Structures are given as structure tokens and as C-alpha cells.
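K.L.:
Here is what each chain is made of, one letter per residue.
Number of protein chains: 4
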Amino acid sequence: MKALVFEDVSTIRLAEVPDPTPREATDVVVRVELTAICGSDMHVYHGRERGLDAGTVMGHEFVGEIVSVGEGVTRVQVGQRVTAEGHITAGTDYNSRTGNAHIARDMRILGVDRNGCFADYVMLPQDNIWPVHEGVPDEIAAIMDPLGNAVHTVMTAGVSAQSVLITGAGIIGLMAVTIAKAAGASKIFVTDLDERRLKLAKKIGADFVFDPSKGDSWIDIVDQNTPGDGCDVLLEMSGAAPAIDGGFRALRNGGTAALLGLPSRKIEFDLSNHIIFKGARVFGINGRRMWATWYQMEELILSGKLQLDEIITHTLPFEDYERSFGLMQSGEAIKVVLDLRA
Amino acid sequence: MKALVFEDVSTIRLAEVPDPTPREATDVVVRVELTAICGSDMHVYHGRERGLDAGTVMGHEFVGEIVSVGEGVTRVQVGQRVTAEGHITAGTDYNSRTGNAHIARDMRILGVDRNGCFADYVMLPQDNIWPVHEGVPDEIAAIMDPLGNAVHTVMTAGVSAQSVLITGAGIIGLMAVTIAKAAGASKIFVTDLDERRLKLAKKIGADFVFDPSKGDSWIDIVDQNTPGDGCDVLLEMSGAAPAIDGGFRALRNGGTAALLGLPSRKIEFDLSNHIIFKGARVFGINGRRMWATWYQMEELILSGKLQLDEIITHTLPFEDYERSFGLMQSGEAIKVVLDLRA
Amino acid sequence: MKALVFEDVSTIRLAEVPDPTPREATDVVVRVELTAICGSDMHVYHGRERGLDAGTVMGHEFVGEIVSVGEGVTRVQVGQRVTAEGHITAGTDYNSRTGNAHIARDMRILGVDRNGCFADYVMLPQDNIWPVHEGVPDEIAAIMDPLGNAVHTVMTAGVSAQSVLITGAGIIGLMAVTIAKAAGASKIFVTDLDERRLKLAKKIGADFVFDPSKGDSWIDIVDQNTPGDGCDVLLEMSGAAPAIDGGFRALRNGGTAALLGLPSRKIEFDLSNHIIFKGARVFGINGRRMWATWYQMEELILSGKLQLDEIITHTLPFEDYERSFGLMQSGEAIKVVLDLRA
Amino acid sequence: MKALVFEDVSTIRLAEVPDPTPREATDVVVRVELTAICGSDMHVYHGRERGLDAGTVMGHEFVGEIVSVGEGVTRVQVGQRVTAEGHITAGTDYNSRTGNAHIARDMRILGVDRNGCFADYVMLPQDNIWPVHEGVPDEIAAIMDPLGNAVHTVMTAGVSAQSVLITGAGIIGLMAVTIAKAAGASKIFVTDLDERRLKLAKKIGADFVFDPSKGDSWIDIVDQNTPGDGCDVLLEMSGAAPAIDGGFRALRNGGTAALLGLPSRKIEFDLSNHIIFKGARVFGINGRRMWATWYQMEELILSGKLQLDEIITHTLPFEDYERSFGLMQSGEAIKVVLDLRA
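Chains as they are written, first to last, in our numbering: chain A, 1 to 342; chain B, 1 to 342; chain C, 1 to 342; chain D, 1 to 342.
The shape of chain A in the complex, shown without the other chains:
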């Protein structure tokens, strides 16, 4: 089969590799129809993340159809349209056994620690398979992994009848805007340095958008438009130290912060003023809850309230992978979906 294989930093190659087959009795093989490029794939490509073993098939976002299953598979079957949770665990540690497999200590990631879905076929344990509801369009099904990150963040913080600040309007930040709106946020503030993304944020649900490079007056606007002198909820989506600092300053005493954006190194952080004096609640967000987040996501998609069309800016043939990486790199594209059905 054809596959996009990691060779070295800045070197990805379209290669011919053997088709995968079930390794364990409970493995499943899926024919990939659409796959999507994640920001983390970009980081891998640019060497900003831990390297992959040379020859690893990249990619973890997809939709496809099950084409074969091991003899121990009981929960899914050949022919089902599916996507998957890319966090894979042996199921034996504390978190895996208490409903928190997404933060298992032995977690391995599809397309990073084992072969992924930038390929005609991908192999996974049945416990990681999510059958896609017939009401979910293919292009959305292909991006349920990052959409799930955003849903997990929004739902963990709790936004119902709350004022919400989203710092960072990247792919997941933008998804969080439309999700927060659908999930009942009363007011949404968004910060980013890119005017185009701020405009899109406003279009899909933000009430106020700010470029914080233009000064701190935006924090006063948040204060004036909330009854509690600051927003109820901070969803941190940037991983950038100044955004984190500004976000916490704009959070009201007793507010809730959910942090998804990953700083690439330790940051100077004002623990006393940002968390302790404020009496804030802070949640670290990693991956998606299996499968609570996925059910919530399905509910949100089926409700028709999510505006995702303008976040998926491009759908291109799989062979155009180089151009696709380039479009994401330049910022021209937000989310690119690759089509393997041709």
C-alpha cells in the first residue's frame, strides 16, 4: 500500500509499504478514506517534537471502513464506517482501568509510536475504534480527534451560561469557539495575533475578539462585560506564555481554566496571583475521554449547531501532501483533509 513515511526532520516520503494485518486477536484493519493533517504532524515534520523512528507511517486523524478483524474481535465488524481514538494503552494501569485511558502511563500514540493512518490501511485495537454515526459527514468524521480535543476542553471547564475566554484561535481554538457556543456559553471572548482568524472566530460565535499585541485594554473590556470582574472560564489553546499570562489575568476570582495548549518548555508563571489568590480551578487537558467526549461530540455534531465548514479550508488528493503541508505551514490553510478514495 502507499503511505506517508517519516524519514527525518523535514523529510517525509510517499512510499510503498506492506499492508498491515491484525497482530493481536483483538486488532482491526481499516481502509482509510479521508485523513487529516494535525498541528502535531507539522511539529514532527519540523523537528519541534520528539522524533519518530525512521519508516514510521505518520497520521492519526481519519475516517474509513473496517476491512478485516482478528478472531477475538466482538465489538465491531467488517464493513463499519469508523474513526478511532489514537491514544492506545494495554488497559492494565490505574487510569486505563478507571475510565481515564486517555492519560494512561503506557499510552502510545498512533502515527508516532506505531504506524498511523497516512496510508491506504491502518491497524488498531478494537478498543480504539469509534463507529461513526450515519448523521456525521465524512469530512467531520475525519477530524473527530482534534474536534474531540476541543470538546474535551470545553466540557471539562463547563461553559453553560458562562462567559468564556479562548486564548488562541488555531485549529482547536476555533473549534472551541463553535463548540462553546453550541454548548451554551453566554458570551465568548477570543484572543489571537492573526486578524483573519479573529474574523473567523467572530463569524462562528465569538462576541468579542482581541489582538493582545495591541495592549492590555482588552482585559478591561472583558471585566466590563462580565458581572464577576473577569471571565468565568478560560480555555487556553495557544501554549504561548504571554497568552497564558493574559488569560489568567482576565479570569475572575474563583474562575475555571482548562489548559490544552502545550508550552514547549518551562515558563515563568505567577502561581500566586494566577491560581492561588484567585482561588481558581485549573484542569489540564490531554486527548479525549474514552468515550464520554466522543458521545458529547456526536451529540453536538448531530444537533447541527457546530460551524466547522470554514475551519476545514481544504480537501485535497492524498498525493498533494506536500502542497498540503505547505498550506498549513504558511497559515493559508487552517485544516486540510486528504482524500485517499481516488
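In short, the hints are calculated from the structure, not lab data.
It should be emphasised that the depicted structure is a prediction, and the values quoted were computed from it without experimental measurement.
Take the hints with a grain of salt, since some may be wrong.
You can't tell identical chains apart in this list, so a pair holds if it fits in one copy or across any two.
Capping the alpha-carbon separation at 25 Å, the derived lysine-lysine pairs in DSS-like fashion look like this [to be verified]:
1. K214 with K203
2. K202 with K214
3. K2 with K214
4. K305 with K202
Got chain A; can you put chains B, C and D on it based on the hints?
P.N.:
Then chains B, C and D, alone, in the frame of chain A:
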């Protein structure tokens, strides 16, 4: 001043009574501008609720302006447009002192245990006053008490990205429909025996409406339209035993029920199947949280997402109180607001 | 192998039946060393619960050693000392997939819906196996199923620095006493009609014990010994309507009730006064959370704070099953463990 | 009256000042009987905290008797034995009005922003008074403020059947040890650099104590003694960057941290590994919840389970204040209570 005074069951009389003055140093007198008739006022009128002392001024829903304050009042001032929380407590018991004054054991109710607001003026402790945001229209401000019941119920259950069943489309049930929608419910089911109210429920947010007198097939429809074999959330607004029974049957295992409707006596209840085997969570709802519910309500009103216009069916002069009681009695009116400004 | 087989109401027979073998690739066979008799086994025996198919091997509480595994088993291995969760599900429904398999809609119960552990060997899916920590004694390991019911109830309600009322001092009620004490309850009240059990409750942690058949004055004592006019937490362990009624009357406004005892039919219940006016939170408790409850239980056992010795009143040879059922029936025994190692 | 008055950094003086009288109608004057020195008093003394206005009476921990009340006081009365919450608010902001007055934005602190209790008399609003239960000894009543900090931290994190790591065995850290034990922690780990305090921690409830200056192997011990590869709960009581870093490293994925210790400046913090990847929950702790924390504290004290005797190392006459500050400064004393009754 003029006031509607309880005489006896089925006897309410428009009387001339003395103007109230602050009794405690922290009391406040408000000139009533709009007041509204509560379902419980109807119950009092018909003797379906504990009697009032003869001569008590009825009513607890209003908006008006502060006209005088005791010398110990520091938190509000003459001239403010206000409404009020009608649950009054001395502030010394466990619940009053731990943020749950709405369920204080010494709670006394405005218009029941002391003179209420069906009058030109009403007197209250400053701790019960809620200054009304300038963005809240008068007619909405006048009904924040029952709207708060509905907000308390919806927010306690938690409806964000959840499927919600509301049993009973009376005043508060209908309010709960539009609140649940605004607060992020993914799907709303409503049951009632009155077709006109079901139609209104659908218009303001319900996805499915059912008349359960037509059989139990509606429970199957709930099952088929939810991923968890039943709704995530039940909001019980009727107090009727069959609705309670049906509501719990339609609730999924592990679901959440918030109960506001008051059965008038003990009911036959299937504790084993409805709560225990299901592993359900059940919340009793009484009044409104001071002031968390009120802030949430303000957020929801200001967001512009609530559709309350068709729930307030009539605004009439105060003198038309007999006709107003009649309109509510016949079911022709849903919510009637009385105007004292003339 | 030998096994206790259900024949008919009041007829259980020690029979010779075929040894079980793995049916699915992920099944496990365990040699049973100790097994214990559950109150529900007594109910089955007496026909107070739905009947079993004739020939079904009864029993669901045990400790033993894995002697064989199917080829798809990866999480446990031959030779491990184990007990098991008796709630078995296919793993495909909403609750099974969201960390709540204990309330799956397709739940089947060991020793009821399939052959159980009153036998030399028992067969189970690997997903139901709990490897027993070496610090847990055999007799405790054999009763982790009912102990888990009690832990689930106590931990769901939350008893840390709370006053706790336990209505019903049967096996699980008594377990709840020592668990609530170990889990940080500040004060424990217990009601039962059996003086001997009340004495034992007091010995293992209760501060006050009451026989409610002697009048309602006990509710005043609860009031006087709590700051909030009633207990913070009610753990209902009896399933008896008068105990449920008394328990809710003794619960403070805003308190929490966790209900485990199963009324055998609908009861007259005062929903308005017991739940709604009180603003109570009520949790239905079924089974044990997989595996959060089990980890909590292990922590509690290893802490050395649980006093279970006097709850396990008898350990007898398996062949003495008739005498054992009789001892439990008469109330002379509390918990009986049967030994198959001889 | 006599009072300890702040003059300048390192200059506190015993002065004769006018007796306080009620300023507002709802003010209360208390004759101070015992008062205690807080770590923050030491910081003020040494200029490590924002300065006080010269002439301010210091101190915020005390027990005494109400000697006069303003005419608007309805909730307490002359003659009551009381202590007080030192966080004072006008009661008009969002947090004050939603049960979170301890984090009000207009919060002023007794003995810092207004005259405190290092004096024969102290004046406070009635809303800050806590009547002391007759079962609470005077010396404990005098330190309910810092004890409340510890209770707030422990109860916010939730320690019932949990493994708990306490980083820092200062006054509040040591209090947290005995509170966590009483509140149901299954296992307690404590770190500190002072061997004497570690010994005391062990005596009053810690299972393992570590001096982290001796290397990181203690983190492995925590791992080996917990089922989830790290402790369930971190209570950070030191404010020291290395302790914070070590504490988060020892916390399991999905664990809960409650932070009370205040770093004196921004610290380098590994947000990605400590909070985000871990999926941790983090709570900032400031003051005490009015009055939920106080009721919990009373329950814990009355349960007889707290071991506070060895934390209050000295009770000295008020006039020995210089020696007392010295004893705390040198570390010879842990908590010093000053007696004004002579």
C-alpha cells in the same frame, strides 16, 4: 396604599392598607411597578396550599424602585430598579451560612408568611434585593422569581451537550425549554397533556413533543433518539405521579433528574427501578440559589437567547386582577403580568 | 467438578457438573478457593428474587487462582490470585463505553444469568477479573463484591468530615459503618431493629445507634448532634419503607442520600418533603464502579482501618452449605465464607 | 487599651491606643482573650510582605467574648464566645454574593488593612463573627483561622480513601497532616527539610516522611506505595519552587493538587508536564469558605480526631510578644498563642 389581600379560600379583596416602612435597620421599601401572578398564588386562592393569615398581602414576583431604606442599609440605595428573592431567612442557620439560604430551615416566603408585592409598596430586607441590570426589560424583571426556578433546575442538572426531557409544559416547564436550549442542550423532549402548550414548547426550542396520554410509545422515541437508551437529563416540572413515573422510565441508566414539580401528597414510587438500579442522580430543587442562579439568569437574559415573549401572554392593569386570575385559571393565559404604574 | 446448583425455589443441590472452559478468546477460568454467601443468594433461594434457570451454578463472591486463559487474554495470567466483578457486559453500550459498565443495559450477573462460583471452577471474561493485592487476606478478598457495594455507596455520597446516618445494619450496612469511619466520617448514626447488630455497629465505629421501633425521638437526637439540623449524609441500606422515610426525615436540608437497599415493590414516598423541599441530592447505587471502587477498596483494606473480622462470623467447609444458608437465614450468622480448599 | 502596633519593618511596639467602638450599625466589639501569631505576621514584621500603614494594630487569630454590638446587629449578641473570619468584604461583588466571599475582589484583611486583634479589643462586622462551639477548647478556637486554611485545602482536594502528599511541614502543613488523617486519607506522605518537623508529622499521622534535599528517590517510594503511579492528591504548603516541582512530579496522572503555599515571585513552572499531559486538576486555595470550612472544622475538632497539641508549642503572656516572635523566627516554636487574660 392599595393591595390585594387574602381573606379566605376563593376570597381575595382589593383593599386600602397602610404603607409599609422599614421595620429593621436593614429593611428596604420598594414601589412596585409590575407584579406577576404565580401558579402558587392560584393554589393559595383555591385553598390547595396552606392558608395565609387573613389580611396578608399576597404576591412575590415584581419589579420596582427603592423608595426608602433603613439606616443600616449599605448595599443598595434609593432609586435603584430592583426585584427580589422571596425566600427570607434570619441568616443564622447552617444553610443560610453556607451559601444555601434558599433552603434555610427558618425560611419565610414573601406574600405568604409576610406581606407581599400585590400592592403599591413592598418591604424587604436588603439581603433579598436584586438590582436589575439595565439590559433586562421590565416585564422580564418582574418574573425573575419563577424564571429563576427554571434556571436553578436546568443549571443544577447540567444540560450542556445533553439530551433533556422536560415533563410538564406549565409556566416553569416552558421557561425550562428555552433556558435548556440557551444553556446548550443538544436535544429537548417535552411532555404535556395540552396540545397548545406542546406547540409553544416546540416553537421555543423543543425537538420532540409528546402527549403521554396517547400511550407509552414516546419512550421508545426518546430511546431511539439518544445514544444511551434514554435521555441524559430529566427535568420534572409537573408534580404529577404519572409524569414522574414516565419521566424516570425515559431516563437512561446513570442519568440525572432534577425535580421541581411538587406532588401534593405522597406518591407510589418505584425507587428500585427508577433510581437505584439505574444508578441515577436526583436533585430536589427549591427556590433559587442566592445569588448564583440570579447571575446565571442575568447572563442568559442578556445573551438574547431566551424566548419568553410568548410565555408572558398578558400584561393587564392591576385592577384587572379578577380577570387575570380567571385567565390563568382557565389556562387561556400562561403568565399574566399586572401593571401598577397607571 | 462439584457445584451448588439452583433447582427450584428452596431447592439447591450439590451436583457434579462439567468443568468450565474458556468460551471466548478472552475468557479466563479460576479455581475457587473461598466463596461467600450473599443476601441476594438467600433471596434467590427463597424465591424473593427472579428465578434462575434450573441447573445454574449459583454464587458470585469468591477468591481463587487463574488456571487457564483463552488465547486472546493479555491482561491477566495463569497463577494469579484473583477475585472478580460479577456484573458482565458486552462492552458496547453507552454506559459500558463511558466508565459505567456497572449499569450497562445488557448487564448479566454471575451466578444468576450464567454459571457462578459456588463450584470448584468459575469462568469469566478477563475484563471482569481483579487481581488481588498480596496485602489483602483471603477471607476479605472473597467478599470484595459486597464490600465494594458498601464502598461504592460511601464514596459516592462523600463522608469526609460529614455526619452520616446508616439505615439498616445488615451485612452491607455494617460494612458501611467501618468504611465510613475509615473514609473520614465525623459522626456515625445507625438504625436497625436488631439489638445485636446495633451493638456490633457501635463496636466498629458508630457513635449513636437507634432502634426506630421505639419511636421517633432518635431523629431529635440526630438533630441535636449535628449543626445543620439533621445529618449531612444518609446511606440507605435496608430497602424498608419505614427506614427510608425515617432516614430522609433525619437528613438535613441540602443533604446527600445514597440509596443501596432495594424495596421489593413500589413504596409510598414523600417526594415533596424528602427530596424537593429539602433540596436533597440522591444517588442510586448499583454494583461497584469498575474499577474506581475496587482501587478505593484496596486502599481502605491496606490502610488497616477496616474492622471486618466480626462481620465475617463464620468460615465453614463448602459441604456445610445447608447449615450455612440456615445460619444466615436465622440471623445467627452475618457473613458466611465457604472453603473449597479442603 | 494595649495593642501591638506596626511601626515599620522590624519595628513592632506595644502601645496604648483608644478602645474600638462599632463604626457601622452592624459592627461588633470583642474582648480578646487569646491571640496567635501567624506566619504572615512574621512576614509583615520582616518586610517580606506588603507594608502596613504605621500605627495599624496587627493580628487576625483570636478567641474572645463579645462586649458590645451596633444597633443593627441581629445575628450575634453580647456575651458570646467567638472567633472571626479575617477576610472582610462589603458583600456587594460577584463572589461575595455567590458564597465565595473569601475571594471577594474588595477583600480587606484584619490586622493588615484595618486594626487587628493583637489588642485588648477588636472590632469587626457581625457577618465575620463565628460563635465558638462549647466543645472547642480556647487554644484551638484561637487558631481556627490557620486551621481553617488547612481544612479548606484538604476538603477542596478531597482525601477520602486517597493517598496524599503534603509538601511542606510548616504550621499549616502539619495541621493538614492531622486533618487529612481525620478526613479519611488512606496514606500520607510528607516532605520537608526540617527533620524535627518530619518527626512530628509522622507522630500525628504521616505514613512516610521525606527530606527531598537527599535526592529524588522519595518519588519512587511514593510510586511504589500507590496503585496509580503517584499520589492521588498533592497539598502544596511550602510555596517553594523545588517543592512544587517535586510535588507535581510525584502526583499521578489524573491526580488533584490543592495549592496554598505562596511563592513570593513568579517561578519557572512546567505547565506541560505537571498539569496538561497529566490531566491534573489544580485548585488555588485562599482563606476559608464562609462558613462551609468552619462547619467542617468544627466537626473535625469535635470528633476528637485532630492532634493539635504538639503544633501549639507555646502559650505565653501577651507581654512576651518579642520572645514569641523570636521563638517562631528561630523555628523553635511552631505555633505560639498569646494570653491577654492576665
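K.L.:
Any hints from earlier that this structure breaks? Give me their numbers in increasing order, please.
P.N.:
Hint 3 is the one this structure does not satisfy, whereas the remaining hints hold.
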